[in-house]
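Asks: Got chain A; can you put chain B on it based on the hints?
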Amino acid sequence: MTAPDRTRTGVSEEMIAVYGDRIWDLSTNMQVRVGDPVRMLDLAEIARQKPGMGMADYEIARLIGLTTEQVRAIRTTLERRRFHSGHYRRLFEIGPGQRFRQDRYVPDNERFQFRPEALALRHSLNFDPRNAGRYLKEGLWTGDTVSGWLAKWAGKSPDRAAIRWPGGALTYAETLDKAQRFATALLDLGIQKGDVVAIQLANVPEFAIAYFGVTMIGGVLSPLHMPYRAGEMAPLLNHASARAAICAAASESYDAPATFLSLKGQVPTLEHAIVVGNAPDGTLSFDALVGSTKPRAIDNPPVAADPAVLCFTSGTSSEPKAVVHTYQTMLSNNRLCAPVYGLHAEDVLLAGPPFTHGFGICMINYILSVGGANLLMAQFTPPVLIELLERHKPTVFYCAPAHVAACWKGGLFDGRAFPSVRVAIISGSPCAPEIADALAAVLPNAKVGQMWGMTEMFMGLITTNDHSREIRHNTLGGASPGTEVRLTREDGALAPDGEDGEIEVRGCSVFAGYFNNAAANRIAFAGDGWFKTGDLARRRPDATYQITGRVKDIINRGGIKINPIDIEALIDRHPAVLQSAIAPVPDPVLGEKACLFVVPKPGKSLTLAEATDYLAKNGIAKMRWPERLEIIDAMPVTPTRKIVKRDLTRRLSK
Amino acid sequence: MARLSEIDPQKAKEAILGYCKRKGALVAGVADLAMIDKIAPEGHRPKDIMPRVKSVIALGVGGQTQGSWNVAPKALTYFGSTERRGYGIAYGCAFFIENTFGARAIYCPPDMDPEAGPRTPLQDLKLHAELAGIGARSLAGDILLHPDFGYMYFASVFTELELPPDKPLEDNPCPAPSCVDMYRKIGRTPCMKFCPVQCLDGEIDEHGKQKVMRYDMAACAEMTQTYESVPAMLREAMDAGDPVAREHALFNPENKTLWYKLAVGAGQLFAQCFECMRVCPIATQAPMADPIRRRDASLREASQRAASLAAQAEKPKAAE
Numbered sequence: 070m071t072a073p074d075r076t077r078t079g080v081s082e083e084m085i086a087v088y089g090d091r092i093w094d095l096s097t098n099m100q101v102r103v104g105d106p107v108r109m110l111d112l113a114e115i116a117r118q119k120p121g122m123g124m125a126d127y128e129i130a131r132l133i134g135l136t137t138e139q140v141r142a143i144r145t146t147l148e149r150r151r152f153h154s155g156h157y158r159r160l161f162e163i164g165p166g167q168r169f170r171q172d173r174y175v176p177d178n179e180r181f182q183f184r185p186e187a188l189a190l191r192h193s194l195n196f197d198p199r200n201a202g203r204y205l206k207e208g209l210w211t212g213d214t215v216s217g218w219l220a221k222w223a224g225k226s227p228d229r230a231a232i233r234w235p236g237g238a239l240t241y242a243e244t245l246d247k248a249q250r251f252a253t254a255l256l257d258l259g260i261q262k263g264d265v266v267a268i269q270l271a272n273v274p275e276f277a278i279a280y281f282g283v284t285m286i287g288g289v290l291s292p293l294h295m296p297y298r299a300g301e302m303a304p305l306l307n308h309a310s311a312r313a314a315i316c317a318a319a320s321e322s323y324d325a326p327a328t329f330l331s332l333k334g335q336v337p338t339l340e341h342a343i344v345v346g347n348a349p350d351g352t353l354s355f356d357a358l359v360g361s362t363k364p365r366a367i368d369n370p371p372v373a374a375d376p377a378v379l380c381f382t383s384g385t386s387s388e389p390k391a392v393v394h395t396y397q398t399m400l401s402n403n404r405l406c407a408p409v410y411g412l413h414a415e416d417v418l419l420a421g422p423p424f425t426h427g428f429g430i431c432m433i434n435y436i437l438s439v440g441g442a443n444l445l446m447a448q449f450t451p452p453v454l455i456e457l458l459e460r461h462k463p464t465v466f467y468c469a470p471a472h473v474a475a476c477w478k479g480g481l482f483d484g485r486a487f488p489s490v491r492v493a494i495i496s497g498s499p500c501a502p503e504i505a506d507a508l509a510a511v512l513p514n515a516k517v518g519q520m521w522g523m524t525e526m527f528m529g530l531i532t533t534n535d536h537s538r539e540i541r542h543n544t545l546g547g548a549s550p551g552t553e554v555r556l557t558r559e560d561g562a563l564a565p566d567g568e569d570g571e572i573e574v575r576g577c578s579v580f581a582g583y584f585n586n587a588a589a590n591r592i593a594f595a596g597d598g599w600f601k602t603g604d605l606a607r608r609r610p611d612a613t614y615q616i617t618g619r620v621k622d623i624i625n626r627g628g629i630k631i632n633p634i635d636i637e638a639l640i641d642r643h644p645a646v647l648q649s650a651i652a653p654v655p656d657p658v659l660g661e662k663a664c665l666f667v668v669p670k671p672g673k674s675l676t677l678a679e680a681t682d683y684l685a686k687n688g689i690a691k692m693r694w695p696e697r698l699e700i701i702d703a704m705p706v707t708p709t710r711k712i713v714k715r716d717l718t719r720r721l722s723k
Numbered sequence: 003m004a005r006l007s008e009i010d011p012q013k014a015k016e017a018i019l020g021y022c023k024r025k026g027a028l029v030a031g032v033a034d035l036a037m038i039d040k041i042a043p044e045g046h047r048p049k050d051i052m053p054r055v056k057s058v059i060a061l062g063v064g065g066q067t068q069g070s071w072n073v074a075p076k077a078l079t080y081f082g083s084t085e086r087r088g089y090g091i092a093y094g095c096a097f098f099i100e101n102t103f104g105a106r107a108i109y110c111p112p113d114m115d116p117e118a119g120p121r122t123p124l125q126d127l128k129l130h131a132e133l134a135g136i137g138a139r140s141l142a143g144d145i146l147l148h149p150d151f152g153y154m155y156f157a158s159v160f161t162e163l164e165l166p167p168d169k170p171l172e173d174n175p176c177p178a179p180s181c182v183d184m185y186r187k188i189g190r191t192p193c194m195k196f197c198p199v200q201c202l203d204g205e206i207d208e209h210g211k212q213k214v215m216r217y218d219m220a221a222c223a224e225m226t227q228t229y230e231s232v233p234a235m236l237r238e239a240m241d242a243g244d245p246v247a248r249e250h251a252l253f254n255p256e257n258k259t260l261w262y263k264l265a266v267g268a269g270q271l272f273a274q275c276f277e278c279m280r281v282c283p284i285a286t287q288a289p290m291a292d293p294i295r296r297r298d299a300s301l302r303e304a305s306q307r308a309a310s311l312a313a314q315a316e317k318p319k320a321a322e
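Listed in order, the protein sequences are those of chains A and B. Going by the working numbering, the first sequence opens with residue 70, and the numbers climb by one from there. Going by the working numbering, the second sequence opens with residue 3, and the numbers climb by one from there.
The reader is advised that the hints may include incorrect statements.
[Said to hold, decoys possible] Pairs of lysine-lysine, DSSO-like flavour, derived with a Cα cap of 30 Å: (1) A:Lys119 <-> B:Lys40; (2) A:Lys363 <-> A:Lys390; (3) B:Lys49 <-> A:Lys119; (4) A:Lys119 <-> B:Lys76; (5) A:Lys119 <-> B:Lys23; (6) A:Lys363 <-> A:Lys225; (7) B:Lys40 <-> B:Lys23; (8) B:Lys195 <-> A:Lys119; (9) A:Lys601 <-> A:Lys621.
[What the hints assert, rightly or not] Which bits of chain A does chain B cover? Going by a derived footprint, with three or more residues having C-beta under 8 Å, they are: (10) 101 to 110; (11) 118 to 131; (12) 139 to 149; (13) 156 to 163; (14) 168 to 177.
Just so you know, the hints here were simulated from the structure itself, not pulled from any lab data. All C-beta atoms in this analysis are idealised placements derived from N, C-alpha and C, irrespective of residue type, glycine included.
Bound-form chain A, shown alone:
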């Protein structure tokens, strides 16, 4: 556009480079005035100061030996090139009665920017806009955040216990203070909003403080299961682009700090290993960070639409299934379910699942939603659980069937009662009615119920106190508030009542999709926001649901589909059996056959013939009987004590 002008004026880039700065200084763009010569009508001084006070183009031209047009062309070119837009927004930050302070102003290019990894994570939050719009419109998604809840309760009831454990307690004010200190320390370490911080800790107070601290700065907490070691964690940390990892001090069985230090070499983004307890060289002490850091205000706190947690479910090491929850999906579930059981600020929650699992995180949020206390069980053993129930008197108790079974079958329920508990929910894996009965027998003031959930959506099916005992002990109840549930056949059609179908869920707490795993997402979603859970269930005429298995657990014996869940439940009741599972084993003729795995009770034994006789007596058709028996010492279980059947199958192939 400027070519014709230059043709006429002869101005070149070289001329601009040579004369530009001088023209700029002589023009009115830069003005220097000495004294007050105009007011004094001191014409001589005005003339002398002319180059400083600003000259017209023709005056500059005469002074430096160019034409007026050349000066004008160079001056206006520089005015254009040197112009920076956007200064206007400096005014936006000055409130009424305030003045601009250069020392407090942060230029745009020095302001916060999400890292590319954080932006990628945010791209995974691709909710179906129609459904999301409905959740927003109906108030299912709100502006709640974890740090917002924590600050609210610290303000309302600062002296109430937020975290309790056998060795002590932290009030809400203390918890907030420690979380703020840790949050500030993270910022000082360069961790910023959107960064992923991994954590591998038991249910200890530091886990909660770390969770609150990380989320307070808008970080994304990624829990890693306690049994995981470097081989399992490296792909997960890489998938999450974790910036820091928090772990426990070295123990006899596991040197976590050394593991994470070694992982820094395999995970390019991993910068810091933070250790709770004795922190070796190269790591940072969690206690020191919390103790020595003065908390300061968080400039850029998270909002409810931000990612809050990244939890890994299953998946292969090359394509992990990473579930990202926003505060909206995560907290809506807690906020809507807490009133179902009348949870309140005086409640003390004892939760069995580990915090390194989505269910555990859910429990932290659950009691936080009402400002109650979280009673921590660092590591489950039956005596520890009994001790907590007896001495620390929780009012709300969430546990897995395995927790109950271990106490009950170990005789620890005998002669005991725990009257403090008023809400008791069993979840985590299919629960036999007798397990619920056994728990109900020791909880005189509670109506024992059940819940079914997943990391992908937290609490999906729940029984309520309005349900009869039969429903509460035999079913998972109905859909939780904000959740839609349907059962589908293999061909996608809806399964009628009484027929098995895959549970599909849709709702305000359902995640948007697995992060960076398109293959898994293609399989996981049925369209319209329906998530295919992989769990099989049957709907009863009373509109409650019973889990009937896992889609993946169905054994295909020469075309005949065997769902082993009822057989397992039956075998579990055999007097010689502590725990059982039926998993497929490859067969060259039929494709798959059923193999029964049994952990016998101490001093007992079982043969395949005894097992099949037992099944025959209990009316199980021969075509569904297991054709092989394996006696094992213990079941491989997930952190929530679900049996990992693929590990059983793998064991046979070895």
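Replies: Structure of chain B alone, referenced to chain A:
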């Protein structure tokens, strides 16, 4: 109307300056034309736009209420500029001079020289004001201050009527004593310290007077002259690497506000649609909304009042 030669210049000056003050100017004066010609560069002297100009009248209008200086700056930007009020008075003053004295007069255009670009004004209104004694150069760039009226916007009127000139202010109110104190402590005055783009710098001598004033007008223009942001924004949009960045360049809230201001400036408010009100019975059929009905009602009322008075006048007669 008297001939020009018969007009008493002093009385004419008093009448003209009086007009300006009656119409809202805080202060007005007459600049020394000869001095303007000596100081202003060629092409920017009064005779360069009005060949037979004899006098330059400068007037100043007020800036703000006390309260407004304390509002949030982004709000102040909407009502901080009052120069249009000054221009209105100058426009009226030019007519007043012509109507009253028969001498040609113009309201001096406060605009930029299209030949030299938007950072060069056609005429230096502040020079006129300074020489007319209604303001003095401050340490805040090219802003003039008055000891009684503080910060003002200025307008000028050129006329072929010869008027006796005023002198510049004897004293410069800038820097104020408190500013001198601050300068002595931190080496800066408030205007220097709090400028959002740090375009001001300077020194104060041992007598508390201005010694040096340094003004980065280019930086000031970046901040204040948003018209320059328009091409910058368009260039940014053209250079944008992707559609999202391009859209942001054109439509982010600040830039969209700029478009809004441009549209308002062009007299085209975006909300100029009245279709809902055009079909609204309340809006269109309100009894007194129609001026003809208002007039008829007024006439009716007057007639009724007259009838009532007449009736009252009749009553005593009836009683008799």
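Asks: Does each hint hold? Answer for all of them.
Replies: How the hints compare with the structure:
1. A:Lys119 <-> B:Lys40: Distance ~12 Å between Lys119 of chain A and Lys40 of chain B Cα, so the pair holds.
2. A:Lys363 <-> A:Lys390: Judged against 30 Å, a Cα distance of about 37 Å means the pair is violated.
3. B:Lys49 <-> A:Lys119: holds (21 Å)
4. A:Lys119 <-> B:Lys76: Distance of about 35 Å is beyond 30 Å: violated.
5. A:Lys119 <-> B:Lys23: violated (34 Å)
6. A:Lys363 <-> A:Lys225: holds (23 Å)
7. B:Lys40 <-> B:Lys23: holds (29 Å)
8. B:Lys195 <-> A:Lys119: Given that 30 Å is the threshold and the Cα spacing comes to 27 Å, the pair holds.
9. A:Lys601 <-> A:Lys621: Holds, at roughly 12 Å.
10. 101 to 110: As far as the segment 101 to 110 of chain A goes, the hint holds, because 9 residues have Cβ atoms under 8 Å from chain B.
11. 118 to 131: With 6 residues close enough to chain B, the hint holds.
12. 139 to 149: With 5 residues close enough to chain B, the hint holds.
13. 156 to 163: Holds, because 7 residues of the segment 156 to 163 of chain A bring their Cβ atoms closer than 8 Å to Cβ atoms of chain B.
14. 168 to 177: holds (count 5)
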